[in-house]
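Enquirer: Residue strings, one per chain:
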Amino acid sequence: MDLIASHITHRFGDLAVLDDVSFTVSAGEVVAIVGPSGCGKSTLLSILGGLLLPTSGAPELRGSPPADSLNPLTFVFQDFALLPWANVEENVEFPLLHTQLSTVQRRALVDDALRRTGLTDFRKTYPKQLSGGMRQRVGISRALAVRPAILLMDEPLSALDSQTRELLMEDFVRLLADGGMGAVYVTHNLEEAARLADRIVVLSRRPGRIREVVSVPMTRTERGDIAAREKLLALQNQIWSLIRNEAIDAEREVQHA
Amino acid sequence: MLDRAPVGTSAKDETVRRVRFRGTGFVPASSRFGGWIALALVIAIWQAAGSTGLVNPLFLPPPSAIARAIYQLAISGALWHHLSASLLRIGVGWLLGTAAGVAVGFAIGLSRLARSVGITFISALFPIPKIALLPLLILWLGIGEEPKIATIALGVFFSTAISVYSGVDAVPRNLIRMAQSFNVPFATIVRKVVWPGALPAILAGFRITSSVALLLVVSAEMIGAQYGIGAFVLQAGNLMQTDQLLAGVVILSVFGLMVGRVINWLEIRLLHWR
Numbered sequence: 003m004d005l006i007a008s009h010i011t012h013r014f015g016d017l018a019v020l021d022d023v024s025f026t027v028s029a030g031e032v033v034a035i036v037g038p039s040g041c042g043k044s045t046l047l048s049i050l051g052g053l054l055l056p057t058s059g060a061p062e063l064r065g066s067p068p069a070d071s072l073n074p075l076t077f078v079f080q081d082f083a084l085l086p087w088a089n090v091e092e093n094v095e096f097p098l099l100h101t102q103l104s105t106v107q108r109r110a111l112v113d114d115a116l117r118r119t120g121l122t123d124f125r126k127t128y129p130k131q132l133s134g135g136m137r138q139r140v141g142i143s144r145a146l147a148v149r150p151a152i153l154l155m156d157e158p159l160s161a162l163d164s165q166t167r168e169l170l171m172e173d174f175v176r177l178l179a180d181g182g183m184g185a186v187y188v189t190h191n192l193e194e195a196a197r198l199a200d201r202i203v204v205l206s207r208r209p210g211r212i213r214e215v216v217s218v219p220m221t222r223t224e225r226g227d228i229a230a231r232e233k234l235l236a237l238q239n240q241i242w243s244l245i246r247n248e249a250i251d252a253e254r255e256v257q258h259a
Numbered sequence: 002m003l004d005r006a007p008v009g010t011s012a013k014d015e016t017v018r019r020v021r022f023r024g025t026g027f028v029p030a031s032s033r034f035g036g037w038i039a040l041a042l043v044i045a046i047w048q049a050a051g052s053t054g055l056v057n058p059l060f061l062p063p064p065s066a067i068a069r070a071i072y073q074l075a076i077s078g079a080l081w082h083h084l085s086a087s088l089l090r091i092g093v094g095w096l097l098g099t100a101a102g103v104a105v106g107f108a109i110g111l112s113r114l115a116r117s118v119g120i121t122f123i124s125a126l127f128p129i130p131k132i133a134l135l136p137l138l139i140l141w142l143g144i145g146e147e148p149k150i151a152t153i154a155l156g157v158f159f160s161t162a163i164s165v166y167s168g169v170d171a172v173p174r175n176l177i178r179m180a181q182s183f184n185v186p187f188a189t190i191v192r193k194v195v196w197p198g199a200l201p202a203i204l205a206g207f208r209i210t211s212s213v214a215l216l217l218v219v220s221a222e223m224i225g226a227q228y229g230i231g232a233f234v235l236q237a238g239n240l241m242q243t244d245q246l247l248a249g250v251v252i253l254s255v256f257g258l259m260v261g262r263v264i265n266w267l268e269i270r271l272l273h274w275r
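Heads up: the protein sequence lines correspond to chains A and B, in order. Going by this note's numbering, the final residue of the first sequence carries number 259, and the count climbs one at a time with no gaps. Going by this note's numbering, the final residue of the second sequence carries number 275, and the count climbs one at a time with no gaps.
For reference, chain B alone in the conformation it holds in the complex:
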């Protein structure tokens, strides 16, 4: 039995006090315009620092100079020239890596043999910086688009495979047992239970692999390409054209944001049940 500790007898306090509210905080909610206001503020300060000569425009050109550079790149056609080369590499590399990663991830998630073999190889190869393999891939595949695409595909493959088999592992076993209890065939269980159950992890993986693809395309283009945003940024840096350089960086940032938006849209469409 739980007993209360004895208390001494004293005069009863009749003062009425309101109980202090202690449940504040730890529920961060982002305001709708807060981020945009902060961004506008940073750009304004940056512009002011450049316009007043506080910062040397050679080292950090003001946003207006970067916008001008982007505009000039766009009207000269150079922007599309570089961007299309990068988009092609990212698109093909990401699709190849994702297709292979999803297939291998599902195999590891569903088959004992594939898991034993696959996890060993993935654990051994995943930590290798994929860009370090570019020279080897150039030796194997020549100096065309193939080694750059292969580098991106490799980088995307490992992250995708890991997120897919983690997603498959996270599918509640009770749902699989439920399906089995109704004699639902294996293929239908994979299609109707495992795939939708793993989809949140797979889409989260897409978010990571799109960043990986962007990182690798820029690195690969810096090492061995004439065209592409990475090559453009490197050339601009070599010529001290920092406005052009930052124009390339801004384009990369916008591309990353757009990919993020697409994945957000996919999540809203496909994971509405969460």
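So that you can see chain A by itself, here it is in the shape it has in the complex:
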């Protein structure tokens, strides 16, 4: 199943946020979206996931999702969006409650998702008892439980410290390694984009337009090698040079707002 952003334009009142953004995320592909602050990255993700109606254009799906997918487009949120009154297990089970699955089937999906994210021993723990990194693991586990075709990740690591970010990044690489699941990964962190994405969509400052789509010329497995670091750094520099001036302008704009 492919996800297509088809001529998406969006305005909040008089404020133009996105302008004619079009690209395709093919099945199993990871596409990162980067750009200066306020360029509409998160807005674009909300539109792609059907949580926000664009002013014009539309998100489209081409092809069928995998037969076992319960929620083909699944979000992983920046702020984790966990139910504070539910424990880890209940949070992961939450999106399955309204499905036709039996209790045994639900339990199997939850167990599998918890195992894949290393949360089996924390199933009865409440979110407030967990660190930020563990909370995001619960968010990822919840997303995996519904067997997504494409993960929509909105700066999933930005609320975490650098060590936890590194650990979770390794988890993302592992989860997306087999190509069975695609992702749209919104981030302001170019290193994350270069580590994870097959292609990087660079947006201009507001209203966000596609400035360039950069392909990452390595597999994700190759990117773990020391030798690849230099190439990735060069790629980050190339993207940074594309957005640097606009990032400065965007920051000044925010300060004057």
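Rather than coming from a laboratory, the hints here were simulated on the basis of the structure. Keep in mind that a hint or two might mislead.
[As the list claims (entries may be wrong)] Derived lysine to any residue pairs resembling SDA-like cross-links, with alpha carbons at most 25 Å apart:
(1) A:130 to B:198
(2) A:126 to B:269
(3) A:126 to B:173
(4) B:193 to A:102
(5) B:193 to A:74
(6) B:193 to A:81
(7) A:130 to B:202
(8) A:126 to A:162
(9) A:130 to B:191
(10) A:126 to B:257
(11) A:126 to A:182
(12) A:126 to B:201
(13) A:126 to B:189
(14) B:193 to B:212
(15) A:130 to B:204
(16) A:130 to A:114
(17) A:126 to B:274
(18) B:193 to A:228
(19) A:126 to B:198
(20) A:233 to A:219
Start from chain A and add chain B according to the hints.
Expert: Same frame as chain A, but now just chain B:
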């Protein structure tokens, strides 16, 4: 670049001083027995003032006289007679007002139409002292229990509706969006996200509405009832039986405390995740 202001060159001070601790206060913690000790102290002083004749017992009977009055009321059966009448009015009035308030509060919190209409009416009617409506309610409903119960229900309804829709408004939108992103149906979102998210505000509202109900039952009974703690207190006052009067007040206070305890218990049971 931030520069430090230039300092003059002077002889280096080698004295070692401990840094003064400045982080004290602003963390009030109640001691376990402090409140009870203070209460016992006040009762003891009050008793001593009454026993030594420092205070005229007609105006302020000592605690022992009040305890005696409560005991006599209990063994004569009058206490239960009055208390049961008040409890029935509070119970039915509070339940009716709460049920309606929760339903309207949720409607206002979840529906644009209900919000536009509901908030206008609530804003207009909430400030009216509900006890002022008792004569009108007597005209409409007769002189039985109904107008008293309706007065309590009205008082409880508005506070409940306000606390419920404030609670619904306070439910983090990201949780609702999260549920929507998983195609969770509206009814399940209300049951599994909005209701538990609004529960802290709803329980806080219960604390207020139980006080409102107590206030209104006493006022309503003082205006038009033969039985009930409010009526009993008024009759005792008219007959200058201040020990009986204060016995009624103590019973009201104990009732209020018990309701508070029940709400504390509910909060511990239902909001353990906080």
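Enquirer: A separate judgement is required for each hint: does it hold in the structure or not?
Expert: A quick look at each hint next to the structure:
no.: 1; hint: A:130 to B:198; verdict: 15 Å, holds
no.: 2; hint: A:126 to B:269; verdict: 18 Å, holds
no.: 3; hint: A:126 to B:173; verdict: 23 Å, holds
no.: 4; hint: B:193 to A:102; verdict: 17 Å, holds
no.: 5; hint: B:193 to A:74; verdict: 22 Å, holds
no.: 6; hint: B:193 to A:81; verdict: 19 Å, holds
no.: 7; hint: A:130 to B:202; verdict: 19 Å, holds
no.: 8; hint: A:126 to A:162; verdict: 23 Å, holds
no.: 9; hint: A:130 to B:191; verdict: 22 Å, holds
no.: 10; hint: A:126 to B:257; verdict: 37 Å, violated
no.: 11; hint: A:126 to A:182; verdict: 30 Å, violated
no.: 12; hint: A:126 to B:201; verdict: 22 Å, holds
no.: 13; hint: A:126 to B:189; verdict: 22 Å, holds
no.: 14; hint: B:193 to B:212; verdict: 29 Å, violated
no.: 15; hint: A:130 to B:204; verdict: 21 Å, holds
no.: 16; hint: A:130 to A:114; verdict: 23 Å, holds
no.: 17; hint: A:126 to B:274; verdict: 12 Å, holds
no.: 18; hint: B:193 to A:228; verdict: 47 Å, violated
no.: 19; hint: A:126 to B:198; verdict: 20 Å, holds
no.: 20; hint: A:233 to A:219; verdict: 9 Å, holds
When each numbered hint is compared with the structure, violations occur for hints 10, 11, 14, 18.
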